[in-house]
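Chains D and H supply the protein sequences, listed in that same order.
Using numbering that gives the first Met the number 0, read the first sequence as starting at 0 and increasing by one per residue.
Using numbering that gives the first Met the number 0, read the second sequence as starting at 0 and increasing by one per residue.
No lab work stands behind these hints: they were computed from the structure.
Cβ coordinates follow ideal geometry from the N, Cα and C atoms, glycine included.
Hints may be right or wrong, so weigh each one.
Stated by the list, open to error - SDA-like cross-link-like pairs, simulated, lysine to any residue; straight-line CA separation at most 25 Å:
#, chain 1, residue 1, chain 2, residue 2
1, H, Lys-79, D, Gln-621
2, D, Lys-374, D, Lys-487
3, H, Lys-79, D, Met-221
As the list claims (entries may be wrong) - Now the stretches of chain H that chain D is said to cover, found in silico as 3 or more residues with beta-carbon under 8 Å:
#, region
4, 50 to 62
5, 81 to 90
6, 106 to 113
7, 159 to 171
Said to hold, decoys possible - Quick list of the computed label-pair ranges, beta carbon to beta carbon:
#, chain 1, residue 1, chain 2, residue 2, range
8, H, Ala-19, D, Pro-39, 36 to 44 Å
9, H, Ala-68, D, Asp-560, 53 to 61 Å
10, D, Asp-547, H, Ser-164, 48 to 56 Å
11, D, Glu-371, H, Ser-167, 29 to 37 Å
12, D, Leu-278, H, Ile-10, 54 to 62 Å
13, H, Ser-167, D, Arg-544, 44 to 52 Å
14, H, Ile-120, D, Cys-558, 56 to 64 Å
15, H, Glu-53, D, Glu-355, 57 to 65 Å
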Amino acid sequence: MIDKDAEFLKRLLVTFKVEADEHLKGMCSGLLELEQGALPERQTELVEFIFREAHSLKGAARAVNQVEIEALCQALESIFASLKKNELTASPGLFDLLQEALDLLARTLPDAGAERAHDDKALQRRLINRLEQAGKGGSGETGKRRNGEALKGGSGEVVKDRTGETEKRGNGADEECLPDSPFPRFSDSGKLPDSPIHKISTDTVRVSTARLTSVLLQSEEMLSAKLASSQHVLDLRATATAFDSWSKEWARVKPLVQKFKSSKTQGENDEATHKKRSLTRLLDFLDWNSDFMKSLETRFTAEVKSAERDSRALGGMTNNLLEDMKKVLMFPFSSLLEILPKIVRDLSRENGKKIELTISGDDIEIDRRILEEMKDPLVHLVRNCIDHGIENPAERRAKGKPQLGTIRIAVLPRDDKVELTIADDGGGIALDGIRSALLKSGMLSAERVAELSDQELMTHVFQSGITTSPIITEISGRGLGLAIVREKVEKLGGSVSVESTTCSGTSFRIVLPLTVATFRGILVRLGERLFVLPAMYVARVLRIRPNDIKCVENRETICLDGAPVSLARLATVLELPVSGWESKPSDLLPVVLLATSETRIAFQVDEVLGELEVLLKGLGRQLSRVRNVAGATVLGNGHVAPILNVTDLFKSAVKSAAYSSQRSAVTDTGEPANRLRSVLVVEDSITTRTLLKNILESSGYAVVTAVDGMDGFSRLKNGSFDIVVSDVDMPRMNGFELTSKIRSDREYGDLPVVLVTALASREDRERGIDAGANAYIVKSSFDQSNLLEVMKKLI
Amino acid sequence: MDETSNERQRILKARAAALAREPENSDAEAERIEVVEFLLADERYAIESVYIGEVYPLKDLTPLPCTPAFVLGVINMRGKILPVIDLRTFFDLPNRGLSDLNKVIVLHQGAMEFGVLADAIIAARWIPRSDLLASLPTLTEIRAEYLMGVTEERLVVLDGGKIISDRSIVVHEEV
Numbered sequence: 000m001i002d003k004d005a006e007f008l009k010r011l012l013v014t015f016k017v018e019a020d021e022h023l024k025g026m027c028s029g030l031l032e033l034e035q036g037a038l039p040e041r042q043t044e045l046v047e048f049i050f051r052e053a054h055s056l057k058g059a060a061r062a063v064n065q066v067e068i069e070a071l072c073q074a075l076e077s078i079f080a081s082l083k084k085n086e087l088t089a090s091p092g093l094f095d096l097l098q099e100a101l102d103l104l105a106r107t108l109p110d111a112g113a114e115r116a117h118d119d120k121a122l123q124r125r126l127i128n129r130l131e132q133a134g135k136g137g138s139g140e141t142g143k144r145r146n147g148e149a150l151k152g153g154s155g156e157v158v159k160d161r162t163g164e165t166e167k168r169g170n171g172a173d174e175e176c177l178p179d180s181p182f183p184r185f186s187d188s189g190k191l192p193d194s195p196i197h198k199i200s201t202d203t204v205r206v207s208t209a210r211l212t213s214v215l216l217q218s219e220e221m222l223s224a225k226l227a228s229s230q231h232v233l234d235l236r237a238t239a240t241a242f243d244s245w246s247k248e249w250a251r252v253k254p255l256v257q258k259f260k261s262s263k264t265q266g267e268n269d270e271a272t273h274k275k276r277s278l279t280r281l282l283d284f285l286d287w288n289s290d291f292m293k294s295l296e297t298r299f300t301a302e303v304k305s306a307e308r309d310s311r312a313l314g315g316m317t318n319n320l321l322e323d324m325k326k327v328l329m330f331p332f333s334s335l336l337e338i339l340p341k342i343v344r345d346l347s348r349e350n351g352k353k354i355e356l357t358i359s360g361d362d363i364e365i366d367r368r369i370l371e372e373m374k375d376p377l378v379h380l381v382r383n384c385i386d387h388g389i390e391n392p393a394e395r396r397a398k399g400k401p402q403l404g405t406i407r408i409a410v411l412p413r414d415d416k417v418e419l420t421i422a423d424d425g426g427g428i429a430l431d432g433i434r435s436a437l438l439k440s441g442m443l444s445a446e447r448v449a450e451l452s453d454q455e456l457m458t459h460v461f462q463s464g465i466t467t468s469p470i471i472t473e474i475s476g477r478g479l480g481l482a483i484v485r486e487k488v489e490k491l492g493g494s495v496s497v498e499s500t501t502c503s504g505t506s507f508r509i510v511l512p513l514t515v516a517t518f519r520g521i522l523v524r525l526g527e528r529l530f531v532l533p534a535m536y537v538a539r540v541l542r543i544r545p546n547d548i549k550c551v552e553n554r555e556t557i558c559l560d561g562a563p564v565s566l567a568r569l570a571t572v573l574e575l576p577v578s579g580w581e582s583k584p585s586d587l588l589p590v591v592l593l594a595t596s597e598t599r600i601a602f603q604v605d606e607v608l609g610e611l612e613v614l615l616k617g618l619g620r621q622l623s624r625v626r627n628v629a630g631a632t633v634l635g636n637g638h639v640a641p642i643l644n645v646t647d648l649f650k651s652a653v654k655s656a657a658y659s660s661q662r663s664a665v666t667d668t669g670e671p672a673n674r675l676r677s678v679l680v681v682e683d684s685i686t687t688r689t690l691l692k693n694i695l696e697s698s699g700y701a702v703v704t705a706v707d708g709m710d711g712f713s714r715l716k717n718g719s720f721d722i723v724v725s726d727v728d729m730p731r732m733n734g735f736e737l738t739s740k741i742r743s744d745r746e747y748g749d750l751p752v753v754l755v756t757a758l759a760s761r762e763d764r765e766r767g768i769d770a771g772a773n774a775y776i777v778k779s780s781f782d783q784s785n786l787l788e789v790m791k792k793l794i
Numbered sequence: 000m001d002e003t004s005n006e007r008q009r010i011l012k013a014r015a016a017a018l019a020r021e022p023e024n025s026d027a028e029a030e031r032i033e034v035v036e037f038l039l040a041d042e043r044y045a046i047e048s049v050y051i052g053e054v055y056p057l058k059d060l061t062p063l064p065c066t067p068a069f070v071l072g073v074i075n076m077r078g079k080i081l082p083v084i085d086l087r088t089f090f091d092l093p094n095r096g097l098s099d100l101n102k103v104i105v106l107h108q109g110a111m112e113f114g115v116l117a118d119a120i121i122a123a124r125w126i127p128r129s130d131l132l133a134s135l136p137t138l139t140e141i142r143a144e145y146l147m148g149v150t151e152e153r154l155v156v157l158d159g160g161k162i163i164s165d166r167s168i169v170v171h172e173e174v
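Build the full structure now, drawing on both the sequences and the hints.
So, in structure tokens, the structure goes:
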């Protein structure tokens with residue numbers, strides 16, 4: 000354990016040194032510019048800049064327990080604070096003093112963490128004293144002068160002791176203060192054997208993200224060169240086969256040519272001689288032609304071979320380049336997790352808790368952009384563990400647990416993903432807290448809340464719909480941030496889940512893709528267009544017969560594993576013209592079943608072309624957000640294909656077909672199908688109202704009735720319902736109006752509405768859909784199993 | 000032989016001298032703007048070249064679903080996805096006849112970047128600001144806010160900065 004801590008501290012120090020080096024460089028160049036006399040506005044800027052750098056370095060030093068560096072920075076900081084407030088004016092003496100301080104910092108930094116020499120410490124104490132003196136604005140010019148001189152004398156000796164180059168440093172300073180040199184004093188110090196800057200920055204280079212991204216884009220573009228090249232080879236090979244047919248033809252006429260050649264011509268007259276000569280020339284040409292073609296073929300075959308070789312080489316180089324580019328953007332988890340020990344140490348001390356943090360698997364590498372995005376969610380989760388998860392020592396003792404709480408962070412590779420677990424052995428999430436919060440939110444009825452299983456309750460912790468409301472934040476504080484955690488993780492293409500057992504702790508599991516950009520996609524065709532569906536949402540690809548599609552009240556469904564699943568046409572959802580598949584009813588229809596944790600919908604496409612690795616690219620600032628489209632990818636042939644946004648598709652499908660998909664309750668783990676759900680029946684006819692009430696109650700629903708739309712809406716406001724079943728033709732407020740009113744209501748906007756009506760015309764049906772009804776049941780063809788089936792699907 | 004090479008030398012020198020000559024009224028520099036002139040549906044338009052990143056041939060256009068009509072689609076520009084816009088639709092100009100639309104003029108300012116389609120690029124040239132006249136309503140159907148002006152030869156100079164920074168050109172739609 001001690002070894003591990005020491006090693007950790009060592010790594011932390013390395014990071015600190017790089018960071019400190021940057022702050023120091025900033026301060027040096029700033030100070031130099033200031034000394035050379037900058038314009039007044041620039042001066043203010045510079046003072047502010049150096050002040051901040053000193054402050055940052057102080058903070059960084061404190062984090063790694065470098066008390067001496069911290070103290071020195073503190074002194075520097077207060078000088079610049081005084082300069083900022085104009086309580087102090089810059090003088091040559093002051094500049095010397097400041098430079099000396101920076102020099103000392105530069106010398107101290109590389110040895111940070113090691114025990115320092117006694118006289119070194121004394122020097123620093125003296126320097127800090129002088130800085131403090133100088134910082135006292137009232138001490139006046141003479142005081143400062145004196146300080147400066149004393150400093151020159153005093154520290155000069157020490158520097159000499161250490162390096163033997165004092166004279167050079169002192170005298171050379173002025174010439175070296177060239178404005179275009181960022182840290183001239185340090186370029187000089189390069190002659191010192193242990194120059195801090197040279198030591199630290201040789202094996203790392205800072206490159207701006209923009210430049211890296213541009214290089215990445217260009218390397219990706221090499222993919223199309225690779226593909227074009229292999230296509231070229233295929234073309235060449237096709238051309239090469241043309242020689243074969245020539246050979247065949249030539250072989251056929253060759254004997255004929257031979258025959259002519261050997262035959263002696265009859266007759267001795269001029270004409271015959273002339274003919275013979277012409278024929279000989281022709282035959283000679285044919286021979287030459289044959290040889291020529293053969294040599295051409297040989298040359299061409301060689302060309303094809305070399306093209307193949309080039310193509311292979313290009314392919315290999317491209318693959319390597321891309322792989323390396325990906326690695327450039329990969330960082331070990333440790334670079335993210337390293338901030339945690341400090342946070343845990345500080346927070347547990349603040350909270351009076353004793354906590355041990357264990358980290359494993361932090362050498363696993365992942366896309367840098369993912370690490371950056373994960374910082375806030377991770378810190379949030381760890382904070383939660385400390386604030387609300389782990390109990391204080393007394394409580395733990397009472398529960399018979401070890402006093403020392405544990406937070407365990409584990410990174411595990413999972414195929415092409417990474418699983419990050421943040422677990423504590425604290426009190427767990429209070430399920431009763433979630434229950435009462437849900438009740439208070441009014442989102443679910445008391446009956447439903449009571450019926451929720453523990454695991455179901457737990458998923459509500461992440462619910463985004465109630466993020467901002469106080470309820471979730473009251474559940475032991477877990478909530479406000481958890482919705483954000485989930486949002487961030489899902490945006491990265493990952494998922495988050497939570498397990499908690501009372502008394503033995505809580506465990507958050509986050510599954511992340513290794514890189515932001517590449518993932519598997521399913522390429523589908525709609526008419527002429529190609530689209531990519533992220534494979535992580537594709538539950539299954541299947542073919543269905545047209546007559547497998549059942550139309551249940553305006554929604555097409557298919558049966559999968561015995562359960563009905565809504566079917567939507569992807570083209571319709573994307574507002575594209577639908578191709579005429581219905582013309583050939585015998586054909587099997589390709590269908591892609593998309594699923595999220597909450598719902599699943601089958602999308603019909605024209606063709607499923609296959610699975611491929613895709614790289615998500617943004618659409619640019621002008622197309623800031625396009626409905627249903629998450630981005631685009633460049634296919635192997637250089638064409639662009641849009642990548643679809645599955646969450647959007649689900650919403651659009653529901654909208655376009657005016658149906659609601661099954662809620663999580665139905666698709667979730669083996670939950671009893673018939674639980675007590677509450678129904679609001681709105682119907683003006685007393686007989687129908689009673690009939691509906693009886694049917695529904697005998698099927699296990701809790702029923703509340705209302706006599707018209709107006710009454711219905713006010714009852715809705717005073718209770719919690721899972722579904723509304725309403726008549727259309729009613730006094731005061733009819734069913735269409737009620738439906739629209741529900742749809743436009745913030746709170747009830749998603750509440751399923753079933754219209755049961757005598758109006759059977761298509762127009763009325765359409766009106767119902769327009770108003771936002773989820774189902775439309777015509778009274779003339781009403782039977783109770785139909786209604787119950789529809790309702791079951793909606794809630 | 001000598002004769003011709005001397006002659007050639009003379010011509011080259013004259014050319015070099017002509018090229019090296021300072022523009023006659025160099026203080027009018029600020030008063031001139033450099034524009035790229037292009038053809039769109041038989042009309043001549045120009046956009047200030049400071050807003051133009053490059054001109055890219057339109058080889059392959061991928062239409063995007065669920066976008067406004069003025070967004071024609073996206074193209075792959077050296078690995079970067081670039082949206083392409085039809086200015087005629089954006090300006091609500093009537094669509095007359097068929098258009099080649101085989102050039103993409105890449106407009107950019109800061110992080111904002113998109114392409115507009117043109118039938119052909121005519122030239123890059125300087126025009127004096129004083130030549131820009133306020134447009135007559137009869138001359139072009141483009142709303143005045145997108146215009147810098149119209150020259151006497153009926154070249155419609157568009158306000159590139161206005162088009163790029165126009166909020167209505169940004170597509171941001173939720174389901």
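Taking the hints in turn, this is what the structure says about them:
1. H:Lys-79 x D:Gln-621: 13 Å, holds
2. D:Lys-374 x D:Lys-487: 10 Å, holds
3. H:Lys-79 x D:Met-221: Since the Cα atoms of Lys-79 (chain H) and Met-221 (chain D) sit roughly 13 Å apart, the hinted pair holds (cutoff 25 Å).
4. 50 to 62: holds (count 3)
5. 81 to 90: holds (count 3)
6. 106 to 113: holds (count 4)
7. 159 to 171: Coverage by chain D holds here, the residue count being 4 at a Cβ distance below 8 Å.
8. H:Ala-19 x D:Pro-39: 36 to 44 Å: 43 Å, holds
9. H:Ala-68 x D:Asp-560: 53 to 61 Å: For Ala-68 (chain H) and Asp-560 (chain D) the Cβ distance comes to about 42 Å; the hint is violated.
10. D:Asp-547 x H:Ser-164: 48 to 56 Å: 53 Å, holds
11. D:Glu-371 x H:Ser-167: 29 to 37 Å: 33 Å, holds
12. D:Leu-278 x H:Ile-10: 54 to 62 Å: 59 Å, holds
13. H:Ser-167 x D:Arg-544: 44 to 52 Å: 47 Å, holds
14. H:Ile-120 x D:Cys-558: 56 to 64 Å: 58 Å, holds
15. H:Glu-53 x D:Glu-355: 57 to 65 Å: Given about 58 Å between the Cβ atoms, the range holds.
The structure does not agree with numbered hint 9 stated previously, though it agrees with all others.
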